[in-house]
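Participant: From first to last, the protein sequence lines stand for chains A and B.
Taken in order, the first sequence gives residues 1 to 433; the numbers are from the numbering used here.
Taken in order, the second sequence gives residues 1 to 247; the numbers are from the numbering used here.
Keep in mind that a hint or two might mislead.
Just some of the chain B residues that point at chain A, by a computed CB distance under 8 angstroms [as the list claims (entries may be wrong)]:
#1 E26
#2 Y98
#3 D112
#4 C139
#5 V223
Simulated crosslink set (DSBU-like; lysine-lysine; CA at most 30 angstroms straight-line) [what the hints assert, rightly or not]:
#6 K334(A) to K173(B)
#7 K173(B) to K335(A)
#8 K372(A) to K124(B)
#9 K141(A) to K143(B)
#10 K175(A) to K171(B)
#11 K181(A) to K217(B)
#12 K400(A) to K388(A)
#13 K235(B) to K124(B)
#14 K335(A) to K226(B)
#15 K366(A) to K335(A)
#16 K217(B) to K235(B)
#17 K124(B) to K143(B)
#18 K217(B) to K366(A)
#19 K77(B) to K372(A)
#20 K237(B) to K366(A)
#21 K143(B) to K77(B)
#22 K217(B) to K131(B)
#23 K171(B) to K143(B)
#24 K124(B) to K237(B)
#25 K3(B) to K157(B)
#26 K235(B) to K343(A)
#27 K226(B) to K141(A)
#28 K173(B) to K141(A)
#29 K173(B) to K226(B)
#30 K237(B) to K343(A)
Hints listed in this document are in silico derivations from the structure and should not be mistaken for laboratory results.
Please read these numbers as outputs of a predicted model, since none were measured by experiment.
By construction, the Cβ of each residue, glycine as well, lies at the ideal position given by its N, Cα and C atoms.
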Amino acid sequence: MTENINIDLHHVTRVEGHGNIKVNVTDGTVEEITWQVPEAPRFFEAMVVGRHCSELQPITSRICGICSIGHSFASLKATEAAFGLTISEQTRRLREILNHGENLQSHILHVCYLVLPDLMRQPSVVPLASTHRDAVLLVTKLHRLANETCDMIGGRTTHPIRTAINGWTMLPTEKELEQLKQRHIEALDDLSALAEIVASVAEGIPDFVRETEYISLTDPNEYAIYDGLIKSSDIDKPIPVEEYEQVVNEYVSPNSTAKYAKFNRESYFAGALARYNNNYTQLTPEALEVGKMLGLDGINYNPFMNNIAQVAESVFSVQRTIDHIDWLLDKGLKKEDYSFEPKEGRGMGAVDVPRGILFHDYTYDKNGVCVKANCVIPTNQNHANIQKDFDKFVPEYLDKGEEELQFLMEMLVRAYDPCISCSVHYLNVEFIR
Amino acid sequence: MAKPKVAFFDFACCEGCQLQVVNLEEDILGLVNLVDVVEFREAITGKAPEYDIAFIEGSITRPVDEERVKDIRKRSKLLVAFGACAHTGGLNKLKNRYNDMDEVRSIVYGEDGAMEHLDTYPTKAVHEVVKVDLSIPGCPVNKNEFVRMVKELAVGKIPQLPNYPVCVECKMKENQCLYDLGITCLGPITRAGCDAICPSNGDACVGCRGTVDEPNKNAMHEVLQKYDLTVGDIKQKMNLFAIDPEI
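Same shape as in the complex, but just chain B (with noise of 0.2 angstroms):
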């Protein structure tokens, strides 16, 4: 079997999930066995016309990018959308609180906003303009989930995310719950398969991975409950990573 095409490319994003490729150090050298990478502008100087499986991280925030993501999508097999910003839009959705594009641009460049160049529309993930065969979740995306799933992928497998919340995850690491420490968590409704990271280091989860299928809307409100919250409450933290689940 031929080993498939393999490409990366990055829109709106800081690119830190390419970085957790690129992290991988040594077993970087173990994957390349398995897939011919060819196009990782980060790392890699080459380009390639046809692909079998296209990375696509970052967000579409500019006409000019959308024709460049549909170009890609003509030329792909398999479109998987990589990280946060790809998936759901991630933090960079903070920008679609505001009515009108030219408010933004003029809070951050002032008078020269109105620039063409600097042109902008509200964030879309990737799924609202070309069809996405796979999400990988994550803000920055886990390594190792990463790594599962190019392996199925190279296999001929469509890999699955857990469908099961953070809490599971977190629990299962015998983590204090952070709600008994005051602090409020979306680890009830988000996707596990980060080992619980923030949780685990003090910190609550935001939902950077987007929630389960179906979000179980009375285990949360039992847990908002419980400490005396309302959905309220959570409501800020929901919207800083885009997910806007019906709770």
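If we strip away everything but chain A, and leave its shape as in the complex, we get (with noise of 0.2 angstroms):
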């Protein structure tokens, strides 16, 4: 047993945006574990005040890199719903396609670059390259497909450039979809080569239980991604978007400068494993398959399974996005009119991003200029979920000694997912001896 740990990490690597663990034990009693977020606040709510509608979509996209996708969703449909804007069967296809693209992107990246490194124990993706070049050049093969998806349909794929409020600035050509989906056929069996490299360091994965709140859209017809209403695990009936801030109750904390976010209990769970939770039973047979291949059969309460979820999810985000070429290709691409009108009022965007459930919501002039703004994003609502998986976890793990405990506390950090800067308002590990 280890009498005395302290533990002080600034800045935990391979995630995105800046966070810090403090861990203090003396004589063997736990006196301290905090998670600390000091990334430097931007103050996106204050930025687009006084901007036309027609740059919040592009002012907001900047909030993440990774999600920069999901937040523009968030942002059009936030405008939609205040104007009164009902987008065409066609458009909402090309945002699913465009938003199952950002996430298998996400999914990869987080997953292969930087989870993976966790369970083989390597600094980084770099090394591998030269002991499991395969695995890597099917990972970037994978990865880039993603990315290309994002391309074609958005334009670019950090910051898209074709999504626009009520429709797109630009279609893709019907051979582009053609040929896009037979990339995504080949893409289901690259998909299972991974789940076995995946597989044969699942060994890797600590056994660690906590049950919280899992908070996720759902719709009765589909797994939700782009569109929803919210779901608690605690409460049976869903909530109307337009009531989310009952759900993510934000309140700032002296340790972030991201706000964090509560509802039933002292914290909830957002991200795959959450969608995972509510809504599994909606995943297609090959997704189930895979995460039941990699220990997830059913509802999970290791929040290191979030990483098995996506996977999980990169086979589904693939099939839908095959589905959805199918039905463009069927009915042919049309260009469409996507003029509108901007009109007095508040609208709110909800979207399952990435790493969760994303919230924003607007406040218009009739001119169609933000007057007010609020965005709640994944990472946020993850914050306090994080510390109170870190005062169980730490108790079990103490014996493994400061130099494991740091790696694995850093690694349930990961787990998660984390996009600091995305947080808008966030990794150190700092043992205090």
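Assembly of the complex is requested from the two constituent chains, each provided in isolation within its own frame, with the hints serving as guidance.
Facilitator: Have a look at this one:
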């Protein structure tokens, strides 16, 4: 048993943004475990005030480099809700392809570039390029496909260009969509091969369990990503997006420049595992099968299994992309008028982005100029839950020693796939002696 | 010749520019043969005492960050402003429209905005705090331009940016001018190198790469007059990415 442990880790690596971990154990007693978020706040809700509706998506896309597509859609949906606009089915299907492209890009990046090195005990994916070259080339092939999907539909994968209020500035060609479909069909085999690689190192996933509240979108007709109602695992009835404030209950913590959130308990979980736990029966048989092969078989309370839920969702995203392309090719792509009239009012938009449920809420004046905005980011919603996990995890893994404990705590943070700069308003481990 | 020691640091930004490096996929494996990446928090675990080339991503918005970038400057032979937030201050300068930072803090955090750890000052580009040797513009940076610049740096050359406007690249792609479609665009004054990506996807150039060294005012005025517009009509677009040339 380790008597004294003192971890003071500043700027946890292989996460997007800055976070610190502080642990102080004296004579075997845990005195302090703190999760701190020191990321420089950027004040987006103040930046957008006074800006025209057409600028809101390009500005708020820049909240996060990795989820810029999800932010773009939450933003466009909020604006469309405020103006009373209903998008065409073609627009919605193209948006979903772009959404699934981002989900695949983010999940592959996270599971393979950021988490696999942990499971293989390597500092990054780079040394794996010489020791596991075929695996790395498989990963880059999938990641490239995801990014090129987004380039094709959105004009650019980071900060999409073609996404507009009520439609698209430009459409892909049917030939491009046909080629994209063929590559997605091939990707299903690549994902099976990837699942085998993850399975070969999956015994490194800690067997840690803490049941919590899981919040995601839900839709009676499909596994919700682009749209839906708010679902909490603690409540039977889903909640309309317009009532999101009663769910997120944001508050400011002295440990963090990112806001925290809580609903029915002191913290909740957002992200792939929350979506899986709330909606897994709506996944495709192939996605469920990949999850099962990697130890995820129905509701699961191990936060590290978030990464396995991401692998299962990757399969789902590729399959849904193929379905949407089939629909679009069957109907034929049509150039649509996306002009609109701004209207005074308030609108909210929610999207379940790779890291969890995301809300944008805008109020506009009659000229379509933003007078008030609120953005609630998935990583923010997870901060309190990460702290609660630490509170249970540290005493359970204390006998592993300082070095191993620090490694596992960083791994736990990375399991959440935090997107800290995205928290608008966040990693370092500090063991104090 | 020893491989240059390269490091990446991020300040107030979305980290989308570092993501462009990750998005190089297998090409990144070629680049890591040319340079020795000693710090890259987003993708690698590891730290080093000094660097030949430091890439700074993000804007400076707090005294604590100002101290950190000054310390990096002292330990770096060459410092590169990487992406719009570092280069011009980028979108982060939208908050500088407020005279009072307390107001900005209260808009986002309400009464809690006064808490000490939420301190912020008007956004600064990196060159406003320390000497910048080279800027790689764009929001996000262009992957191909980044690769070209790193290759040139690795062989000891100082890379140059194109000094002609986005219109040149846009015309070479035979795009229809967006002004013809009733869309105002900053292509005539913005520095090229992005392959006119926004106009080529049906959306206006918003100047994320900053302006060419001496923007051609007359040409900009001619375009505006032709379409019955005034400088006022493009002012709002110019402050989106904090470019404010005399037009």
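Participant: Name the hints, by number, that the structure is in violation of.
Facilitator: 5, 11, 18, 19 and 27
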